[in-house]
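Novice: Spelled out from the first residue to the last, the chains are:
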Amino acid sequence: MRAISLFPAVVLCAALSAGAMLLGARDVQAQQAGGSAAPDPHAAPAGGLSQSDIARMLPATDMGAGAARAGNTHQASMSDSPATPFDAASIPANPLAPNADAIGAKSCVACHAQENVQASHTLHVASFRAGAANTGPQAACESCHGPGSGHAKDPTAPGLIIAFTHDAKTSPQVQAGVCLSCHAGGARQHWIGSIHQNRGLSCTDCHNPMARLSPEGVLAKSSINEVCATCHQDIRAKFNRRSHMPLPEGQMACTDCHNPHGSITRPLLKTDTVNETCYTCHAEKRGPFLFEHAPVRQNCLNCHDVHGSNQQTLLVAPIPMLCQQCHTMTRHPNDLQSAANLGTGPFPDERLMGRGCLSCHANIHGSNNPSGPKFHK
Amino acid sequence: MLAQKGNRTTPKALALGLLAGLFGMQCAMAGDTSGTMRVGDMQYGNGLDLRGWTPMLHPADPDGMSWLHPGMLRTPTGVLYPYPPRVDAGKPLGSGDWTYSGLLEFGYLHVGGERNAEYFRQYDDWKSGAVLGLFALDFHNHRTGQYVELRGSRLSGDDQFYRLLAGRYGSYRVEGFYRDMPHTVSTNAYPIWNGVGSTDLTLPAPLVAGASTPAQVAAASAAAPRRSIGLTRTRAGLGYEGVLYRDWIGSASITNEKRSGTRLWGGSMFFNFPFPDNGGVLETVRPIDFRTTDVNLSLRNVGKVWHFLATYNGSFFRNHKDHLNFESPFALYNVAGTPQVADIKDGQFSLEPDNDYHNVRLDLSRELKWNGQFSVSGAWGTMRQNDALLAPTTCTGVGGIFIAPPVDYTFQCANWNTTDALSRKNANARIDTGLIDARVTFHPTPAFGWHAGLRWYREDDKTRYLAYNPLTGQYGYISENGSQGSVVPGETGIFDPNNPLYRSYMVTVRNNPFGYTDTLFELGGDWQFGRKSSLGVTYTFDHNWPKYRERRRVDDQRIKFDWVSRGVFGGATVRLSWEYAKRDGDRYNYDPYVQFFSESLPGFVEPVNGIAAHTVADMRKYDLSDRTESKARAIITYPWGESATLSATFYGNRDQYDALIGRQNTRTTGATLQWDWQPTPATTVNAYLGAESSRLGIANVNDADGPDNGKALGTPGQTDPNLGGPLYPFANQWWELDRESNRNGGFSLSHDFGRVRADLRYDYNGSFGHVGYSYATIGALANRVPAAVAAAATGFPDNKYRTNTLDLGLNFAVNRSVGVRVFGRYQTGAFSDWHYAGFDNTLSYDHRLYTDKGGQLHYSVSLVGVMLNLKL
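Protein chains in written order, with my numbering: chain S, 1 to 377; chain X, 1 to 872.
Think of the hints as simulated: they come from the structure by calculation, not from any bench.
Yeah, the Cβ is synthetic: ideal placement off N, Cα and C, and Gly gets one too.
Check the hints yourself; a few may be wrong.
Unchecked claim - Computed beta-carbon distance windows for the label pairs:
| no. | chain 1 | residue 1 | chain 2 | residue 2 | range |
| --- | --- | --- | --- | --- | --- |
| 1 | S | Asp-167 | X | Asp-432 | 49 to 59 Å |
| 2 | X | Ser-228 | S | Pro-346 | 26 to 36 Å |
| 3 | S | Asp-167 | X | Phe-316 | 50 to 60 Å |
| 4 | S | Pro-346 | X | His-358 | 52 to 62 Å |
Extracted from the complex, chain S is given alone in its bound form:
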């Protein structure tokens, strides 16, 4: 197999960059709409009711339906009082209801009263509420669910409102697009192309901004670990093994190491490599040491199963078997240790008992001692 050297790698990288720039030079925003036609606020509804009919039938709104927002669905701030950036939050287009129009939160709450009670006490919706306190009419519900006139007219017809739940007509991509319209970048900069995006997850598989089910993060369950275990049940089970990190004890979360929103590593790590993630809490292992141990420096996972193990210290195999996978050198490393060499056997052997190899090679993660090439010192 032919090697890829650094130079071609850089060239390819640069080509990708240049191509991407050129492709993106033209009308990006139009394409972002996914090819859907821009809503025509003046278009007549397909059903028998007109916008004015809807406006008349619905409760008085704080926004006004139809023409009031026809030119600009984004109300500007109406005062210079303190307010949040949620003021005048945008209203996403609903590809399945391109002609719908915003109707305002009062109309929504007329039916969704209980949702309003719960949602108003989440950080997410409270943010909109705070914005509305100073800046007048707000879209609120429709900032996430899209313009609601179509849904208000035919509430049981699926797809007329952007929905985020099971059997919703709204695709996961559109759902995620709604959330990312405000939450793009930062920790979610690499959501596009991440394993969770590719597996068709929607933001609301893990989050529920409509109720306060978690202290932070508007999660879909009461803790981060419970959310992750919804799908990763086997990983949760591993954390109950003999040696594990303190997730079952409530001291850690999966997101201490992983960024479920995507990262530049395949396992969604927060740092550039496995080892850099480990070093964050185990900084003493970072070194560098005068004498390094190759598999240790290369990848902690060569010897440790970080999600749980039935061996000591998260090891992937019992000592000395773990070491004897590589250490076949002459003299003491390659002897077959047997039941004869246990503490209860006729020939107890330090290579098998207790910490086994580590009884002597204690500095196995690296030694900073001039006499430590074998990690004895």
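With chain S held as given, fit chain X onto it using these hints.
Specialist: Frame of chain S, contents of chain X only:
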């Protein structure tokens, strides 16, 4: 204002200048924190309350989430959302817009039974006494979006957390926290030394360093008091994140961690197994006295088209105890049978050096046409340390062995117990890393998308060290503080081109600056079939150049298929994946380390029988060997009726390594099944089962080092590295198979009767492990006398780790503001691990002394608590 969605980069924004124009305008969400970018401190809880706010989840809102439909809605995948807790609107604070709400839960906890069971308190500092279950106090201003939230909980001084969050939605956030996290390593330790936890372990009377008999040591061990070994992490941090200017959001945090305590450690005074009543193998206790300060800075701009993120992570580790000295009780004798001139009785370890770490990273993404995105990331990092090096030995007087003139293998400790014996005084160690990651993704139609990525990463160890003693002109080091060379003639660790006695010794003379460069290319596509199904295919080519390893090039090609389907079986979501990978590379060089050994130096004289083969040529290290790998996984989520969810996972991995010697295969197969039922807001039920089996097979070969298994070592045949040769005969081959079986299951029930809520939970975890071995002939065994062969035939006993945990809780609502919680836990556990076989009887075996007896073989423990719950 900030939000201008629906418009592209506005003329107004363009007028702001090139910078603003570059990044466009989009609502900046400073309240949307960078939490998931920072490693650590994402979860605050403890054994009493894993979530850290469970008391605030109750009671559930009897009205559920909607008037418009019964029960709860489901996630897009099909999992039911839990019923939300009843809303606490809070109480007004003064006459302004602020409200507050809070909760105080405190009470008494009693621990009974084997309260020091190792696996019961591994990360919980359970103690009988008063506890603070939860203190929560929230202040909100619903007009301005400002908030202050306090949380705290305390099981003990080593198991507690306090956290303050304050800010304004979408504008800024300030965070401060303090927490203590315990980690118990052993509760069954019997160290004999004085000074446990310090850098100097000294022997108690009547033991004398280097002059005590095994019987005396055994008596001291038997009389040693039981101790716990473990440490506490104490972390405190401050962080800020907020809008700096327009769409520019910055964050800064600093975290300080102190780790203090002890851990089990080693102590090597040379082998005991080949030399009865000689050598010394000690399980000691080392101090943990670490301080780590982390600094995290970020700056980001999220525009409509461009996303920019710059981060700096700095970490500064300080070890306040950089060494461990220990006294060894055992006397050493040289195997030459001459009078012992050396007096080696102490050992020493260098502990981890201080280190500094810096990492700067830039991420830039641009939205593209065809629903595309281009991202490029670049990072540079460096980790450095320059600690003062310790001397090669701490011995005094003479080390080594004197046989008869001119055969004098002694060395003067004074020439080695000083840092003047080093080629340099400080480590001057440094590893630099570089990263470039570029990805492009397009989704030109809803039915088709593709992506490509290229990642380049390099780790460059710049450390160069030559083990040269300017005082003697010799190379190498003093092995095991002088003990090895004082037992076996010449095995001091020294190479001396000018001394015939030392000019043929193979010793390490240079450090090996391992490193690698990795380039990964990925190309994939995904197709949508109808509204509910999709297929993804991804090809990955991972090309790795290890430095100073057995291979210079390792290529890993992988193809992965993903299938996601919704609406299967009337609504289930099924996620399937299968991947196949094949790894190969260039020629495998079984011994690439010549340049780091004395054989590479001028003056090295090859021994009469040649240099013994470094290792068997047919061995393949598993991180470099040819390998085929396949993985499959299925995750199924089935909405069962209106109020239940059934979910299952099936998974398996198969790895086959092309190695005659080394790791040969691994295999994992498992399944989980879970049922969740929430018929009403008052009732939730959960049951789960899981099973996993795994195996790992290796092969090895014993070298012919004795008259009863070939005796090639020390003969001209020792230069032959091949399997089947005189040094590694087929007759000495052996195989080992580690098999594990894991089972877990449990159920939970919670029901709210109105004034009383009952919680019941049971969990079972059982793991069984068996290491089996086979061998071509008894030549493979470490001991080949009849008694050893007979004992070997019995095989290792099974290992097991099993826990049963039953939790019961009753919550009484006295009135709307006062409640009482009574709860109990009963846990039993069983543990066995042949590493500790016999340790319950003695920790002393000839010249071996152990400290840890391992986890308790059986234990049962109970927790009973009563808590008063006050709503503030």
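Novice: Which constraints among the numbered hints does this structure fail? Numbers only, ascending.
Specialist: none
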